[in-house]
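Protein chains in written order, with the working numbering: chain A, 1 to 518; chain Z, 519 to 643; chain Y, 644 to 1091.
Source of the hints: derived by calculation from the structure; they are not laboratory data.
Each hint should be verified, as a subset may be incorrect.
Here are the computed lysine-lysine pairs in the DSS-like style, where the Cα-Cα straight-line distance is at most 25 Å [unchecked claim]:
#1 A:Lys139 <-> Y:Lys704
#2 Y:Lys681 <-> A:Lys139
#3 Y:Lys681 <-> A:Lys275
#4 Y:Lys1088 <-> Y:Lys712
#5 A:Lys178 <-> A:Lys341
#6 Z:Lys617 <-> Y:Lys796
#7 A:Lys52 <-> Y:Lys1017
#8 A:Lys178 <-> A:Lys223
#9 A:Lys111 <-> Y:Lys704
#10 Y:Lys1009 <-> A:Lys52
#11 Z:Lys612 <-> A:Lys503
#12 Y:Lys796 <-> Z:Lys566
#13 A:Lys341 <-> Y:Lys1061
To give a feel for the contact side, a few chain Z residues facing chain Y, derived at Cβ under 10 Å [as the list claims (entries may be wrong)]:
#14 Val554
#15 Tyr555
#16 Glu575
#17 Ser576
#18 Val577
#19 Lys578
Here are some, though not all, of the chain Z residues that point toward chain Y, as calculated from beta-carbon distances under 10 Å [to be verified]:
#20 Glu557
#21 Val573
#22 Ala579
#23 Ala580
Bear in mind the structure is a predicted one, so any value in this text is a computation, not a measurement.
From the three backbone atoms N, C-alpha and C, an ideal C-beta is built for every residue, glycine too.
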Amino acid sequence: MDARNTHKDSPAVIGAHPGTATGNRALQIEEQLLFEQGEPLRCGVDFPEPPKVTDRLGGLARKSDLGLPGLSEPQVIRHFTRLSQKNYSIDTGLFPLGSCTMKHNPRLNEKLARLPGFGDIHPLQPVSTVQGALELIDKLAHWLKTLTGMPAVAMTPAAGAHGEFCGLLTIRAAHEAKGDARRRVLVPESAHGTNPATAAACGYEVESIPATPRGRVDLAALKAKLGPDVAAIMVTNPNTCGLFEDEVIAIAQAAHDHGAYFYCDGANFNAIVGKVRPADLGIDVMHINLHKTFSTPHGGGGPGAGPVVLTAALAPYAPTPWVVHGPKGFELLESAEGAAKASVGRLKAFHGQMGMFVRALAYMLSHGNDGLKQVAEDAVLNANYLLARLRDVMSPAFGDGPCMHEALFDDKFLDGSGVSTLDFAKALIDEGFHPTTIYFPLVVHGAMLMEPTETESKESLDQFIMALRSLAEKAKAGEAAFFHAAPRLTPRRRLDETAAARKPILRWRPPAPAQAAE
Amino acid sequence: MSETKYTQEHEWIRVEGDVGTVGITDYAQGQLGDVVYVELPAVGKAVKQGGDMAVVESVKAASEVYAPVSGEIVAVNDELTGAPETVNADAAGKGWFVKIKLGDKAQLDKLMDEAAYKTFLAELG
Amino acid sequence: MRYLPLTADDRRAMLGAIGAKTIDDLFVDVPVSARLTKPLDLPPHAGELEVERELSALAGKNLAAGQAKASFVGAGAYRHHVPAAVDHLIQRGEFLTAYTPYQPEISQGTLQMLFEFQSQVALVTGMEVANASMYDGATSAAEAVLMARRTVKREKVVLSAALHPHYRETIETFARYSDGEIVVNTPDPTKDEDLAALIDDRTACVVVQNPDVFGRIRDLAPLARACQAKGALLIAAVTEVVSLGAITPPGEMGADIVVAEGQSIGNGLNFGGPYVGLFATREKYIRQMPGRLAGQTVDADGKRGFVLTLSTREQHIRREKATSNICTNSGLCALAFTIHMALLGSEGLRQLARLNHAKTVQLADKLAALPSVKVLNDSFFNEFTLRLPKAAAPVVETLAAQGILAGVPLSRLYPGEKNLANDLLIAVTETATDAQMDVLVSGLKGAL
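Please put together the full structure from these sequences, using the hints given.
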């Protein structure tokens, strides 16, 4: 029997259906697909009659029906408003996802990104008509270089993973320019999946470096694996366990001694921005997630931006286009010629994620030097506060020192309870919180990684702590069935991911006509 | 009646003549959870003992299935494509993955017999 | 500082609970040599008024398309009217500040929207299945090439010379460190290419654009057959999604993968980003597809719901064996696309496309009346190539100084190709008025 439905609060007892005629539950409203509501001739936009012309479509005018549903504006607004109400978001509440830095997204940034001078300019207008845009990119580049201590930055990558790809491309280009093609890249076991995926995309073999019992990169193991065929090491610092790699300078030195480059995954920059410059740790290249440290909105999955800071040795290989100062003002070097002749080429169309650049620069100007330092301090303070107030009822993975901006727990505290990390996370949902990151990093069993960020008040943290303490006690008290039935209060309960993977349904199709009557 | 041998990576092989039928053990399917997809090699492919042979996917993980012996793939279980759940239901029988024509029968000596595999599992704890 | 809620009292109390004396006690693992002791050379924090003033000044140094006397710039990004409802809806906090829907029970809004998006993309492209978006059209094209190589297990790639150069360059960068040649001809807007002649049994894929970068529309069916005959895949790129409301989609012409730039629907110009890459293919290839996929299923109460699915293709599970390293999609831009497409429906998209094309025909006819220029295209949707009697780039600069954004000189996209130096790409959308077309015509007349 399915254990999920046996608890006294499970739907079998309280009733899966809320008992309303509509199936709605007050503000939680069931909403069909667009395709189930549309009428072919309805339209939510008004167009004037087009001028009468003979078409020049080369005889290839579309004959087939597009099949898109037609809705009026009121219906569209209602549809998407109802959908939005089924989502948790930062605006809703604390979003403690480790490694994601779910901080508040300032609304000033949205306003400024929409100024016509930024939003309504075409990337291929004459450069003389977009000097302000190029100056903004240059200014943001200056902030990124100053904050990291690095002399150069590639601005075009569209996301962190895209930035990792950019960084590894420059590394490979630099080695090959010296006639020294290498085969391997070393990546810690605890690394984010994009690290080995990116290394493989650049044609490298990936080898894993184990972690020490203290959760850091094993320096001795690293040194043993280094050799003349290692192109780079990819290290996240602070690492994915939320800890600062205290031997990072020795790690950098070891890599450099073997002619390898140090790629730093900058996903956790929020912990040290304004307090530490990665250049001072010996890194050669680092991507920065503007949608993490610099508050550009996550938007339900994107868009992001992943500019990459570089040493002088790697700068010549940066992807085009480059924003440079010229005699007539700012210029765009769009081809791999002249100063950019060693560039690895273009990573995407046009010039980069301008919309995210405006938002990130507005964020930086708002915080300033002093504010950014406070960001790192409050982020680290908040995470350590969670660690301190939870360590007696949950099990910190690496509890013998402070953490950085995120606190990592394992599932030891659930031993013998019959409650898994997944079950615990699902129960947290009913308490009004998005779960922590779960089962990452892989080096810890049943990992729960929580990153509150600096934009949470103490009151907010205290409420989160209270909910976690209550759940931890409940689990230890043997109420496993309660957890297995969670979440119970959400628009949808646990979904059948097995069926979704075995028989994928990836688009709407009109239902088959009903069988003819006998 | 041929004997079933086991690898430390939880594959089993049952040899008749010089062709071995290969699958993953019941322990392995339990660890994986619901199997959603199986990626099988092409018939005719050469495999090496311990080398990549197939991939078995659950919702949250994809696991390599290694060849227990070297040889040539002479048949694959096409039914798994439409019914991957067979691996969960009957891992030791209907959930077989491939049949390999063995290159070197002596390689079987490196594998565990049923008793040794049971002990191995008990030690995994 | 307005975004930082902790007070001095809070910090004191929290340090007390932690058992630390100062905040720097928590940074004990940072090597002393790396601890910043002086402030960095950056300005201190600023209020909204000051930040707005500074950034508005920068915005004021740009000539926005809506402020120009006329704007006819295209070449892969197009200025369309986005209905007011779109921007309002995407600014709802539950969309704007939501995360990737890894916890489906509290992400049904995002997941249902992505399922609707995937359905819309499959329909307009004429394909069977689409993913939940990629960074942009160019990276989608690059990922399609990598997917073709994986799927047919061959290396050689044939690129149309009339594929947008940014797409070609992105493909070349993505494929930089993998084996296999990339073949591409010399571009010529006055001639048709014979791509079929370049396909052999080592070819993984052929990549074409329709309408192509010069604006020409072609029937891809013969090329699709030629690819099929040799076991290669046909990848069709569409840089102006509105064209799918007027011309036969690549899916119906036999393409195996369709990639597109979705920016035209729901998303403004934004100086080139963020945009939204569309990626659609046939069902039989779904396990080779990069990017996120939203799938339909049921929950524990038997109610229909949506989840991310087929995740084992992706980096967070397959790591170095993933189909791509991609982690984000273009979520909010995909939402904008979905909302705009919902407002349009079949009828609206058809009307929008008809309006674009009709205005383009009008402008082409007006320009054709000028004695010294020639419209090179025999066919076009909302963009065509105009051959001038002299170099186009300086003409564009002259007109820009007058507040007229005349289009994109081909020399901007093909800097080395001297035979294209006199050619100007002109795009016309529903936002162009008759008066603005006349401004362009007289402006060109004056500049030539």
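Hint status (Cβ of Tyr555 of chain Z to nearest Cβ of chain Y, threshold 10 Å): For Tyr555 of chain Z, the interface hint holds, since the closest Cβ of chain Y sits about 7 Å away, which is under 10 Å.
Pairwise hint evaluation, Lys1017 of chain Y against Lys52 of chain A, where the allowed Cα distance is 25 Å at most: holds (23 Å)
Hint check, Ser576 of chain Z versus chain Y [nearest Cβ-Cβ separation less than 10 Å]: Result: holds, 8 Å to nearest chain Y Cβ.
Interface hint status, Val577 of chain Z versus chain Y (Cβ within 10 Å): holds (7 Å)
Residue hint Val573 of chain Z, partner chain Y, criterion CB-CB below 10 Å: Constraint on Val573 of chain Z satisfied, holds at 8 Å.
Distance restraint between Lys1088 of chain Y and Lys712 of chain Y, which requires alpha-carbon spacing of 25 Å or less: Between Lys1088 of chain Y and Lys712 of chain Y the Cα gap is close to 16 Å, so the pair holds against 25 Å.
Supplied contact hint for Ala580 of chain Z, tested at 10 Å Cβ to chain Y: With Cβ-Cβ at 4 Å, under 10 Å, it holds.
Holds or violated: Lys178 of chain A to Lys223 of chain A, with C-alpha atoms at most 25 Å apart: This hinted pair holds, its Cα atoms lying about 23 Å apart.
Hint consistency between Lys1009 of chain Y and Lys52 of chain A [alpha-carbon to alpha-carbon, up to 25 Å]: holds (15 Å)
Holds or violated: Lys341 of chain A to Lys1061 of chain Y, with C-alpha atoms at most 25 Å apart: Between Lys341 of chain A and Lys1061 of chain Y the Cα gap is close to 20 Å, so the pair holds against 25 Å.
Agreement of hint Ala579 of chain Z with chain Y interface, Cβ distance less than 10 Å: holds (6 Å)
Status of the hint placing Glu557 of chain Z at chain Y (closest C-beta pair under 10 Å): holds (8 Å)
Consistency note: the structure conflicts with none of the earlier hints.
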